[in-house]
Structures are given as C-alpha cells and as structure tokens.
Amino acid sequence: DTGVSQNPRHKITKRGQNVTFRCDPISEHNRLYWYRQTLGQGPEFLTYFQNEAQLEKSRLLSDRFSAERPKGSFSTLEIQRTEQGDSAMYLCASSFPRRGHEQYFGPGTRLTVT
Amino acid sequence: DQQVKQNSPSLSVQEGRISILNCDYTNSMFDYFLWYKKYPAEGPTFLISISSIKDKNEDGRFTVFLNKSAKHLSLHIVPSQPGDSAVYFCAATWIQAGTALIFGKGTTLSVSS
Chain Y
1 DTGVSQNPRH KITKRGQNVT FRCDPISEHN RLYWYRQTLG QGPEFLTYFQ NEAQLEKSRL
61 LSDRFSAERP KGSFSTLEIQ RTEQGDSAMY LCASSFPRRG HEQYFGPGTR LTVT
Chain H
115 DQQVKQNSPS LSVQEGRISI LNCDYTNSMF DYFLWYKKYP AEGPTFLISI SSIKDKNEDG
175 RFTVFLNKSA KHLSLHIVPS QPGDSAVYFC AATWIQAGTA LIFGKGTTLS VSS
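These protein sequence lines are chains Y and H, in that order. Note that the first sequence covers residues 1 to 114 in my numbering. Note that the second sequence covers residues 115 to 227 in my numbering.
In isolation and in its complexed conformation, chain Y is listed as follows (with noise of 0.2 Å):
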C-alpha cells in the first residue's frame, strides 16, 4: 500500500496525559499537512512540513502542540496535558512537490480524551 499511512488509528487517553501520532507520507511526496477535525466540521489546517522545515503554524496550534519530521519522511505530532477539547480526528495529507494544491489524506488517527 502506496497511500498515507497513519498510527495509531484510534487512541483513549485521559486528561493530563500526553500522546504522540505518527504519519508516514507517500514516499514521493516532501510536502506533509496535520489537519484536525471535529464532529460536524470540516478539516482545520493545523501545520504543514517541507521535508524537515516546519514552515507554517496554524493559530490553532496551540503550546501544547508539537509536530517533527526529523529526516523529512514521517512526521510525529504530540499532545501534551491532553484536555478534553483535543478530542478529534487529526488527519495527515501529503502532496508532491510545487502541487501543494493536491493533497492525499490518510486514515485519520481518532483520539478521545476521557
């Protein structure tokens, strides 16, 4: 399978823990998105990656947040002191590069915070 492959797919945390999530992007693609969505909303754009350069930041990003792509191939996004706001499918997209207009979505990693 050649896609967007995301780990875990679904993760139960409670309050104050951290968790990570790991994307591993389509092996052409230096391009690498985070995107969070909430029930009855659409994908929110949280942060995207040009090989290792993290070069933007949503506002929505808040300190809690941190996302890597050390070698520019998977990329991790951490949570820390998860509250129960951040429960949401956070999804990683991919795209080719200089077509950062057509992005590749995987699977979504679910995270509830109890």
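Because the hints were derived from the structure by calculation, they are not lab data. Errors might be hidden in some of the hints.
[Stated by the list, open to error] Here's a subset of chain Y near chain H, in silico, CB distances under 8 Å, partners left out: (1) Pro43; (2) Phe45; (3) Tyr48; (4) Gln103.
[Stated by the list, open to error] Label-pair distances were calculated between CB atoms; the ranges are: (5) Thr112/Y <-> Lys119/H: 22 to 30 Å; (6) Leu39/Y <-> Asn121/H: 13 to 21 Å; (7) Thr112/Y <-> Asp145/H: 34 to 42 Å; (8) Phe74/Y <-> Gln128/H: 39 to 47 Å; (9) His190/H <-> Pro8/Y: 34 to 42 Å.
Here a beta-carbon is modelled for each residue, glycine too, at the ideal position from N, C-alpha and C.
Put chain H on the given structure of chain Y with help from the hints.
Frame of chain Y, contents of chain H only:
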C-alpha cells in the same frame, strides 16, 4: 468567519438520479477548488478538482462547475449510486501558497436504491 460554505448539511437522492452538491466561497484569492469524499472512520478521498481558469471539469460520473462571479461551485453526480453515499467536502486554496486547504463543513449525501 467561514471562507468556504456548504449550506446544505444533507441531501437525499434516488439511485439513478442526479445529485447536486453546492459550495460557496468568500475569498477571491482562491484559485483552486477540490471535492473530497469521506466515509465514516476513513480519511477524505480526493474526488475531482478545478482551477479558476476553467468553468467546468468532468471525470466520469462527476462534474464540477465553477462560477467565479458568484463565487460558487457545484458537484454533479450522474447517475447517483448507493455507493456514493458519504460526506462530501468542498475545499479551496490558492496555488501559489501551496499550503492549507480550507474546507467547508460537508454535505452528507444519501443515495437510496
């Protein structure tokens, strides 16, 4: 302030008929528009797109129409099939930025046989 709006939360259509999903946008900087389809517990799947230099793009049963003066686009599915039942998201971006896609809230399409 929502820049991309899908004002119909749901649409029900009979199999074989046409489904028309609508989308409005407010930002005149947008120059590229996409439709994604999403099944429960899956990520959005790219369906069809259109550049602002065109007013129509067709791919099989799916056609997207763009009316720039009205800042409106629509997705036509003909003929509709039960497997088309899903949530459809309209998204917009500007190619030069190449970053965030701005999504609408989605329209749930139900196709009955």
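Verification of the supplied hints:
Taken as an interface hint, Pro43/Y checks out: its beta carbon lies about 5 Å from the nearest beta carbon of chain H, inside 8 Å. With a cut of 8 Å, the hint placing Phe45/Y at the interface with chain H holds, because the nearest CB-to-CB distance is about 4 Å. Interface restraint check for Tyr48/Y: the shortest CB-CB distance to chain H comes to about 5 Å, inside 8 Å, so the restraint holds. Interface restraint check: Gln103/Y against chain H, minimum CB-CB distance 6 Å, threshold 8 Å, status holds.
At roughly 29 Å, the beta-carbon separation of Thr112/Y and Lys119/H lies within the given 22 to 30 Å, and the hint holds. In this structure, Leu39/Y and Asn121/H meet the distance hint of 13 to 21 Å, their C-beta atoms being roughly 18 Å apart. Judged by the Cβ atoms, the range 34 to 42 Å given for Thr112/Y and Asp145/H holds: they are separated by roughly 38 Å. One distance hint, 39 to 47 Å for the beta-carbon pair Phe74/Y and Gln128/H, holds here, with the actual separation near 45 Å.
Checked against the given bound of 34 to 42 Å, the beta carbons of His190/H and Pro8/Y, roughly 38 Å apart, stay inside it.
Consistency with the previously given hints is maintained throughout, with no hint failing.
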